[in-house]
Structure formats: C-alpha cells, structure tokens
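Trainee: Chains B and C: place on chain A using the hints.
Chains as they are written, first to last, in our numbering: chain A, 4 to 268; chain B, 30 to 202; chain C, 12 to 290.
Please note that a few of the clues may not be correct.
Claimed, not checked - Below, computed lysine-lysine pairings styled on DSS-like, alpha-carbon distance capped at 25 angstroms: (1) K93(B) <-> K139(C); (2) K143(C) <-> K187(B); (3) K143(C) <-> K93(B).
Quick caveat, the hints were computed from the structure, so don't treat them as lab data.
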Amino acid sequence: MTAWHMDEDMVQRYTAGTLAATPTASVEAHLLACARCRDLIEVPRERLDRLWDGIADAVDVPVPGPFERLLRLLGVREHTARLLGAASSLRLSWLAAGALALLFTLLAARETSRWGVLFFLTVAPVLPVAGVGMAFGRGADPAHGIGLAAPYSAFRIMLMRALAVLAATAVPATVLGLPLLGQTWALAAWLLPAIALTVLSLALASWFEPLYSAAAVSSVWVLVVVGGNVREPSPVMFGAGGQLVFLILTIASGALLVARRKEFS
Amino acid sequence: MHETWADARLLEAVADGDRRALEVLYGRHAPWLVTRLTRRCADPTVVDESVQDTFVAVWRTARKWHGRGEVAAWIWGIGIRRLLDQLRRRPLTVPPAYEQVVVSAEEQVLLGIEYGELGPALNSLSPELRAVVQATVLDGLTTREAGRLLGIPTGTVKTRMMRAKALLREELA
Amino acid sequence: MIEAIDLVKVYGRQRALDGLSFRTGPGVTGLLGPNGAGKSTLIRTLATVLAADGGTLSILGRDPVADRLEIRRRLGYLPQEPGCHRGFTVFEFIDYVAILKELVDRRARHDEVRRVIGEVGLGEVSGKKIRKLSGGMRRRVGIAQALLGEPELVLLDEPTAGLDPEQRLRFRDLISRIGESRTVILSTHQTEDVAALCGRVVVLKRGRVEFEGTPEELRALAEGRTWLSGERAGVLSWRTGEGLFRNIGAAPDGARLVEPTIEDAYLLLLGEAAWEAAA
Numbered sequence: 004m005t006a007w008h009m010d011e012d013m014v015q016r017y018t019a020g021t022l023a024a025t026p027t028a029s030v031e032a033h034l035l036a037c038a039r040c041r042d043l044i045e046v047p048r049e050r051l052d053r054l055w056d057g058i059a060d061a062v063d064v065p066v067p068g069p070f071e072r073l074l075r076l077l078g079v080r081e082h083t084a085r086l087l088g089a090a091s092s093l094r095l096s097w098l099a100a101g102a103l104a105l106l107f108t109l110l111a112a113r114e115t116s117r118w119g120v121l122f123f124l125t126v127a128p129v130l131p132v133a134g135v136g137m138a139f140g141r142g143a144d145p146a147h148g149i150g151l152a153a154p155y156s157a158f159r160i161m162l163m164r165a166l167a168v169l170a171a172t173a174v175p176a177t178v179l180g181l182p183l184l185g186q187t188w189a190l191a192a193w194l195l196p197a198i199a200l201t202v203l204s205l206a207l208a209s210w211f212e213p214l215y216s217a218a219a220v221s222s223v224w225v226l227v228v229v230g231g232n233v234r235e236p237s238p239v240m241f242g243a244g245g246q247l248v249f250l251i252l253t254i255a256s257g258a259l260l261v262a263r264r265k266e267f268s
Numbered sequence: 030m031h032e033t034w035a036d037a038r039l040l041e042a043v044a045d046g047d048r049r050a051l052e053v054l055y056g057r058h059a060p061w062l063v064t065r066l067t068r069r070c071a072d073p074t075v076v077d078e079s080v081q082d083t084f085v086a087v088w089r090t091a092r093k094w095h096g097r098g099e100v101a102a103w104i105w106g107i108g109i110r111r112l113l114d115q116l117r118r119r120p121l122t123v124p125p126a127y128e129q130v131v132v133s134a135e136e137q138v139l140l141g142i143e144y145g146e147l148g149p150a151l152n153s154l155s156p157e158l159r160a161v162v163q164a165t166v167l168d169g170l171t172t173r174e175a176g177r178l179l180g181i182p183t184g185t186v187k188t189r190m191m192r193a194k195a196l197l198r199e200e201l202a
Numbered sequence: 012m013i014e015a016i017d018l019v020k021v022y023g024r025q026r027a028l029d030g031l032s033f034r035t036g037p038g039v040t041g042l043l044g045p046n047g048a049g050k051s052t053l054i055r056t057l058a059t060v061l062a063a064d065g066g067t068l069s070i071l072g073r074d075p076v077a078d079r080l081e082i083r084r085r086l087g088y089l090p091q092e093p094g095c096h097r098g099f100t101v102f103e104f105i106d107y108v109a110i111l112k113e114l115v116d117r118r119a120r121h122d123e124v125r126r127v128i129g130e131v132g133l134g135e136v137s138g139k140k141i142r143k144l145s146g147g148m149r150r151r152v153g154i155a156q157a158l159l160g161e162p163e164l165v166l167l168d169e170p171t172a173g174l175d176p177e178q179r180l181r182f183r184d185l186i187s188r189i190g191e192s193r194t195v196i197l198s199t200h201q202t203e204d205v206a207a208l209c210g211r212v213v214v215l216k217r218g219r220v221e222f223e224g225t226p227e228e229l230r231a232l233a234e235g236r237t238w239l240s241g242e243r244a245g246v247l248s249w250r251t252g253e254g255l256f257r258n259i260g261a262a263p264d265g266a267r268l269v270e271p272t273i274e275d276a277y278l279l280l281l282g283e284a285a286w287e288a289a290a
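Next comes chain A alone, as it looks inside the complex (with noise of 0.2 angstroms):
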C-alpha cells in the first residue's frame, strides 16, 4: 500500500484523459492496489449499464460442450443440439468410455483366433443398447417427470437420441477398425446386429423402463451368442444367414415401435 493518494485535480485529468504520461503511469500502477482511488473514478452509468447487460446475457448462457458443438457443426440446429446433448450417454466421457471400449474389443481381436473376432461382434452392438438405455427415461433424462407433460414429442427425442448413440459408436468403430481388424467384413458385420438390438430395446421401453429394457436385451444376446458359440467358436451366425434373421428383427422390432409409438408420450 503506497503512501499517497489521488487528488481530486488528478482524478478529473486521468478520467479526461488529459493527465500527462508520466504520472498516469504512477496513477495506474497505484490503482492496482488501491480500492479507495478507484472508486474515484467515474464512467458514465448508462454506459456501465449498457455493458453489464452484455456481459449478464454472455454469463447466464450455457456453454454447450463438445458434443453439441460437434452436432452443430453438422448442421444440426441449436436446440435440437440442446437436447440431444443433454442426454447422460451423450456426455464427453461416455462416448470415451465406450470408444475406449471398442479399442479394447479391436485389440483383443488381434490377438486371438476365432473367439477374437467373435468377441468384437458380440461387444460392439451392445455398446449401442446400453447407450439408448442411458439416454433417456428415469435418472437419465434431466427432466423426466415435466418432460413427460410437455408438448416436444417424447418419441421424437427418442429416436434422435438413438440415432445419436448409433452414430457415436458406429464412427468410432469404423475409424479404429480399419487399421485394426484384418477381415474388413466384420466392420460391417456388427451393424445390423447392432441396429437391431437397438430398435428392440425401444421397442421393449414402451413398457418398461429404458434401463430395463437395454439391460435384459444385451443379456440375452450376450447368452445367444455364448450359447450358440460355446462348442465351436465361429462367426458363422453373422454370415448372410445371420444377417437377414437381423434384418428381419429389424423390421419387426421397427413395426412393433410405431405401433406403440403413443406409449411414450
């Protein structure tokens, strides 16, 4: 704290802007130290007014995370953005974790022989269901309960949501894949299976909870798989036969969902 403060013939200069260079260098090095100087010192109040308004509406907006400014520059809109992101499996580090998780299927795949690939093609398309079962109903929607009454369609969000979690596994699955996995068929071979399991799990959410419904899907499917795989690890399941009974699931799965699309309003 220095010694000297200012005087009323200073503040007027410095706040004029006429105050000569020399002592406005002392004057400012002093301000910063001294409360009592600087509330000397006057700007006019609209002018103050004017900015906090600025500054007001800059702070109370939220700051969209990585997420939603990824799906904004895609083109989505801002708040379809908003609610897409505000989803628990959305978040930054769910889609790390489960990246990281498909890393780890992809390298365990290298390593061993049938049951390696087999392991991805089993893992990755629950990535998916459990990513729908996070992202919406009971302790994963910010607003379930008011949500529940309010006119944005419930279905709607759902579906977005879904397609979201998709997406989000899919890209990463494709982009570590490629230089990972030999056979490039299993990159594709996941996807149906992976689609619908999915568009089981909405199904199955118009009567129960979402959770519930992800949880009970991946069981069985892990069970499935394991089940039908534990004699004689081969992929054959995923092969063209396989592929169109989940084309099949699929379809039904989809027709089942529209048909109790009101459920989740």
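Mentor: Quick look at chains B and C alone, frame taken from chain A:
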C-alpha cells in the same frame, strides 16, 4: 451483503456461480478498467467489447486466480489481452499513455514511489524505448504482446528492451 | 376451466381414481388427502401424463385425448420428482425445459428463462449448479420451469413436501402471487397450506371426492363436533399440550366445545370414511 466482501471473497463466489458477486466486482472494477483501456485505444467500441469480454472471462475462469496478488492486477491482465485480441487487425500508433518528454519534480517522486529506483530513470529514455518498457513493465505484457500493442515487430521490441535496460543500468549506477 | 366427471383410473386391481368428480377455475385450489388417495394420479391425469380409463374430463375447455398438445402448450407442471439435474446450472436446466416447451428461438427463449427466474427470485443464483442449492431453492427452480410460456394452468404435485417452515412460508407467498392470474392446482397433505393459500379445497379419499368447497366451508364441518375433555372420548382423540384431549366426532351433551380448525374437519372427514368402511 455482497458489497462488504473483499475482492478475493467475491471472486471465490464467482467461481461458485454467484452472479451477484460478479455484478459487485464489475461495479468496483469496470470504471477504472474502461478508463485505463481508453488510454491504450481511443475507440470506445473496441474498449466496450474488451471490457465485456474481460468480465465474461472473469466469470468463466474465476477458479484460475490462485490468490496471488491483487484481484485488480489479475483483471488488468485479462483486460489488456482482450484489448489486444480486438486490436489484432488494427495496429496502433504509440498510445498516448506512453508519450511524454518533460517531467516535473513532483511527478518524479510519484514515479519513484510506484516503480522504485526505476521510476525516475525511465524519464531519461526516448519515447520509443520508454514505450516498450512501459508496455512490458507497466502493463505486464510479453514482448510479443507489446509488439502487437505498439505495432512493431517482436524483434524490435527485444532490441529496444535491451537498449533500455543498458541505459537504465548506466543511470542507476 | 377444469371439469371432471366420474373419472376412473385403474392400476391392476387398484382403482386409483374411483368415480371422481369436481370442477374448479382461476385461483389456487388445494387437493388434500392422505397417501394413496389419488392426488398424484389426479394431477398427472390433469397434466395429460396419464389418460383416464373412464369418465369425462375437460381441461381448459378441451378434451385431453383429442387436444392433448394444445393443453400441454398451456400448462406448467411440477411433478414430485422433477428429474435428476446432474451438473446443470439453474439457467441451463430451465433453458432445457424451455426447449421441451417448444420455445425454439434462442434469443426469445433466453429472455423467457430470465423472466421466470426473476419471477421466483432466483436471479442471483442463475449460474449456480442446482445440486449446490438448498431444498427450498431447488423447489423454486421447479416452480420457475412450470411458469415458462405463461401457462393458464399450473399443476404442482406436493410442492411443499420436505420444506422447513420458513421455506414453506416463502413458498406460499410465491404460489399466492402466481394464483392471482392463473389456475393453480396443488396437492398436499398439510392442512396449513390449504388454510393459508387456497381459495378452494378438494378433499380426496381412496380415489373419490369427499368434500369440495372453500376452506371455511370445510372448517365448518367440524363446527359443534370438536371438544376438549380430561380423558379420551370417541374415536378421534389426541392429547394436547395442556394435558387435555382434543376430540372430534359426535359430541356428548355438556361437552366443552371449541373452535375447530381445518385440520379437525379434515380428520373428521377421513375418520368418518374409515368408520363407514368398518361398518
């Protein structure tokens, strides 16, 4: 209630999301910030934007102030850099705050108080040298930032700083 | 405004709403009743979250089955569990709900969010994370979102539950103010809320309306049927602070009658229903 709090406590509250605390800080620091920035750039629109950007930055980075030194100094650090951002494409002539040749005895004393021995010796430097010293010492800018403010290349800033330091060492010796 | 005739809602074997009829209009209406009386179910039916299984219902002059979207655009709803706020700030959460209410234009939406935040007095903490706020303030966040879009009908499901007396007091002020220009329906099992706030009260018991009228009319039901005595008398009797017993029911001759409160009348209503079931 907030009005009686010290700056440090207000800043802590701002880090916690307290809008009222930001408003009080604004009331205390906006006037001098506006005035000081105006001495670096005469355009009021540029100053307005810089001040707004500054307090939004205060809101968002309040946690980063680690209790070292004065809050006012921290705010100035943000403010001058926001001004530089605004001036990026508009290089300036030497800001009026840095120009002067004749210094009274009284002014020398004040310089001495604020800047110690360095103060009066500053006086003997030419305007260009004084400008770089003041930009770095007074405003706390890096050599690159000083270059941007004064509209001169970083290399020139460095050479002038070296010359100024040499001259000042002579003066003080 | 709201007209319900013989509403029925069935869950498995349970009839949550069992032929419920009432009507109400602008001002604050209280739904009073014990747990399981059907208050929440009724509120959720009025909010168009549930569809009744039987009876007729008209909300804001519209049919909730055919005109659901239009009703939703004109109502505000605070459920018992508004949702998990996670890391949202007050502003972010209300902004999110505003999108759900189809306020699409960003500028206008933010102005509206600020308006409701101001209306409930949370302007200073709009940047704070909800999980860091007290229970009373969190409730106010809930009320704020229910006011988005200036709804004609505001439904509050147990808004004062879990609040301490001081918080409840401030809350009542707020709700009274809101009720001045809108229809507000709130459910509660606190008779003091009803006494302080409501222009109309509906008492529910086991999915039916036991009483519908003003708080004063409710209170009058216990007139002449509330008395003090030195020992327990009648079915509804409890010890008061002064060592006497307060009783409700058919008063014996020469009993020391006292002025009844709304709570007395409420207990009387519930008690009688219980007696009827036993008989």
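Trainee: All hints are to be evaluated individually against the structure, with a verdict given for each.
Mentor: Each hint tested on the structure:
1. K93(B) <-> K139(C): holds (18 angstroms)
2. K143(C) <-> K187(B): violated (49 angstroms)
3. K143(C) <-> K93(B): holds (20 angstroms)
The structure fails to meet hint 2 from the earlier list, while all remaining hints are met.
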